[in-house]
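Protein sequences appear in the order of chains A and W.
Numbering that gives the first Met the number 0 numbers the first residue of the first sequence as 0 and each following residue consecutively.
Numbering that gives the first Met the number 0 numbers the first residue of the second sequence as 0 and each following residue consecutively.
Note that these hints are calculated values from the structure, not bench results.
Watch out, some of these pointers could steer you wrong.
Claimed, not checked - Computed footprint of chain W on chain A; a stretch qualifies when at least three of its residues, placed anywhere within it, have a C-beta under 8 Å from a C-beta of chain W:
#	segment
1	147–155
2	221–235
3	242–255
4	482–491
Stated by the list, open to error - From the derived model, a few chain W residues whose C-beta atoms are all more than 12 Å from chain A:
#	residue
5	V20
6	Y62
7	L138
8	D174
9	V208
10	G277
Where a beta carbon is used, it is the ideal one built from N, C-alpha and C, also for glycine.
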Amino acid sequence: MSDEPTSESPAGGELDRRELLKKAGQVGAGAVAAGALAGGATAAPKRRSATPTIRRGGRLIWGLESDPAHVAPFGGILTANHWAKEFAYDSLVEWDRNLNVRPALAEKFEIISKTAIRWTLKRGIRFHNGKEVTAADVKYSVERMLNPPLPGSISTVAQVPAIDRVQVISKYVFILHLKQSDARVIGFFAWQRYAPIVPEGLYDQINVARNAIGTGPYRMLGYEPNDRVEYVRNQRYWKSGQPYMDSMQLKILGDEQARVAALRAGAIDGCTLTVEVARSLANDRSLRVLKGNNAAFRELQMTIKTGQNRPWHDRRVRLAVNHAINRADIIRRVYSGEAEYSGFVPPGYGPWPLSDKELREKYLKFDLPMARQLMRDAGQSRGFEVTMTTFALQDYPLISAVIQSQLRQINIDVNIVAQEAGTFAAANGLGTFDWDLTGRGMRGDVDGYVAEFHPAAPVFKIWYPEYRNIKAWRGIGNGRIQLDPAKRIPIYKAAQRELLLNPVQIPLVAIKKYQVVRTRVRNMYVAFSDFNTGLRFAWLDR
Amino acid sequence: MGGYILKRVAFAIPTLFVVSVGIFLMVRLLPGDIIDILFGGDLSASEEVKDQARDQLGLNGSYAEQYWRWISGIFQGDFGFSLRNTEPVSNIIVDSLVVTIELVVLGLLIAVVVGVPLGVISAVKRDSVADYASRIGGLIGLSIPSFWLATLLLLFTSKVFGWVPPLTYISPFEDPIGNLSQFILPAISISVFTMAIVMRMVRNTMLEVLGQDYVRTARAKGVGRRLVITKHALRNALIPVVTIVGFEIGVLIGGAAIVEIIFGLPGVGYTLLQAIFGRDYPVIQAMTLMIAFTFIFANLLVDILYGVLDPRITQE
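Take the sequences, apply the hints, and build the full model.
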């Protein structure tokens with residue numbers, strides 16, 4: 000199993016992307032097709048030769064970059080919400096570090112019809128309060144996924160697939176009924192973010208905003224807002240021998256330099272840092288720099304609204320913009336070389352993204368003469384002015400400035416407006432923008448990366464009601480109801496190609512994530528999901 | 000004196016009312032509300048679902064209705080619930096207030112304890128090396144942003160001594176030394192600006208007072224130099240300083256926000272900033288009102304203290 004300790008590479012546990020894609024391609028959703036999670040449908044990743052002896056015990060302090068607001072299991076909108084709670088909860092299935100689906104609380108599942116999946120739970124798994132996990136707990140949990148109580152938000156329901164109800168068959172068996180065929184179900188549970196399994200009646204037992212009862216490797220002692228989350232080892236954890244540490248604290252340290260100072264002083268054992276800061280610590284012998292792909296990618300988003308005749312409503316103009324953007328230049332200037340070309344599905348997301356070669360040489364190729372020709376063909380050789388809004392934080396203003404200078408070459412005069420996150424979100428949600436330089440994050444299923452381009456998505460009417468892409472729509476519609484992952488992969492790849500030939504959003508680059516740990520922290524890795532899942536398997540050396 | 004205090008309190012009430020209306024409206028004038036934040040970006044949600052979320056969070060009704068709900072709740076001791084985590088706002092205030100009060104008090108203490116003697120020395124030894132050093136120090140103190148100093152102190156101590164203040168809050172009642180080691184760097188960070196102001200103010204007023212007839216008379220009567228400075232001059236020189244210290248409480252709370260983030264202290268500033276980013280109206284409103292109240296209350300105290308230090312003011 001990949002969650003067993005492995006020796007770490009000299010580079011500090013950096014993911015080998017080629018290996019990752021290969022493995023993901025082999026097994027990414029193979030378990031779904033087979034319907035069996037425990038058996039040979041999944042191939043275990045290759046073990047590295049020298050496996051160090053695991054040392055048990057110790058206490059780890061991890062610096063979190065933002066406050067989770069609460070640790071309620073359902074309906075948390077912030078990524079930080081899951082950062083804080085992820086060690087307390089499990090779901091029916093889980094991803095390993097390469098996004099292969101693995102059994103978790105469920106022993107197996109069987110697709111018995113287009114709208115029904117029969118699940119069998121493992122026996123003897125206990126919650127932190129000692130109660131055994133049963134189908135009734137799953138029913139209770141799923142009902143709250145579909146209608147998250149406060150402090151969760153029902154806004155997260157948009158992330159939930161078409162689950163209708165849970166029918167309890169016996170103590171360990173239940174049927175998940177769907178409203179319609181929906182292939183997103185397995186990824187939704189494997190992601191775990193919105194799908195933890197909690198004991199029946201949890202909301203009546205504890206203050207879920209400040210505490211948790213799950214089956215996870217660590218038992219939560221409590222969350223102090225804007226301060227910390229405390230965990231101790233779950234002695235009854237269902238994965239034999241795990242976890243390895245006695246206790247763990249997640250300390251909220253919003254300021255990056257404060258995290259650096261705390262790392263250097265040994266006050267924390269690890270944290271996430273920006274590329275420049277992480278690199279500046281590379282020569283510190285007491286620290287190890289880890290990096291990896293993660294779900295975050297940047298993109299240029301446009302609106303195509305009824306009654307507005309903007310230059311970019313012409314497909315040729317959008318294609319011109321796409322080919323006038325020099326992504327290699329962005330990667331070099333903004334990310335010090337630490338980013339990759341990204342299509343609508345970011346590199347590293349299992350077998351779903353288009354290949355780097357295909358993106359570089361065809362769909363995202365920097366080709367200024369072609370871009371100029373497209374502008375001429377569209378009658379826009381003199382260019383136009385446009386306002387591009389973006390976040391006034393992180394890399395967004397910088398990447399905007401680079402794009403501004405690049406698009407000047409095809410006479411597009413971009414006016415950058417950097418906004419505070421709330422202001423940006425308001426305009427984005429209402430569609431009151433022309434262009435947005437924005438980002439995308441992790442999704443439970445590949446569908447989540449392309450669903451918004453389909454007219455059935457509520458945002459479609461707000462952002463681009465005049466956009467037409469019949470071939471892509473057909474692919475997206477078919478992909479969602481196709482339960483066989485082997486058949487889904489070509490469908491989604493074809494849909495991505497169609498979307499890139501007629502883009503309404505222009506994907507730019509996928510950035511690397513950096514985490515720095517003290518050398519005593521072993522077996523930690525940068526999770527693609529943007530969570531700190533590696534801490535589940537981390538252990539502390541002397 | 001009693002009438003004087005009553006008059007000051009009477010002035011404070013309408014001020015608080017105006018502030019409460021201002022706060023209520025201003026948070027709603029921020030572009031975007033918590034619904035936009037919840038559904039912002041790429042979440043696919045219909046208007047019906049958004050309306051459902053508004054109901055869930057109690058954001059329905061006109062502004063007038065919402066204001067009435069809020070203000071009448073306050074009079075019943077109910078500040079509402081956080082929209083982000085449904086915690087009672089009063090709990091959030093209490094938890095964070097303890098941290099900020101300690102930070103501000105300690106910062107103020109450092110500013111006064113260091114600033115006043117420096118100002119006195121600077122005035123008494125005018126144009127000496129000590130005077131020049133104090134004045135340059137004062138200028139530097141005025142120029143350094145607290146967040147910059149905080150970061151610098153943190154990086155310096157971590158790099159040179161391999162030490163940073165304890166990360167988890169330590170109660171002063173459980174471990175006073177641990178608590179002090181946790182608060183000393185942040186308190187220094189926020190105190191420097193106020194210290195410089197106090198030092199310069201004390202120096203100026205001392206110079207003025209030292210030239211007054213009554214000081215000259217005291218000296219002519221043979222009163223010792225030290226007694227003249229401490230008893231006759233300093234007491235009168237402190238009157239404007241007291242005013243400045245009152246105003247500086249607001250500045251210190253403002254400076255504390257960033258410094259709290261840097262040092263990972265879960266205080267009012269940090270909490271307020273998180274609430275603003277999350278458009279958590281009840282928390283923003285209550286926290287801002289509380290800061291305004293603190294500011295008004297501090298100024299009320301200053302006015303009263305003013306009257307104590309200079310009885311002529313109450314008579315006027």
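Checklist entry - Which of the numbered hints are not met once you compare them with the structure shown? => result 4, 10
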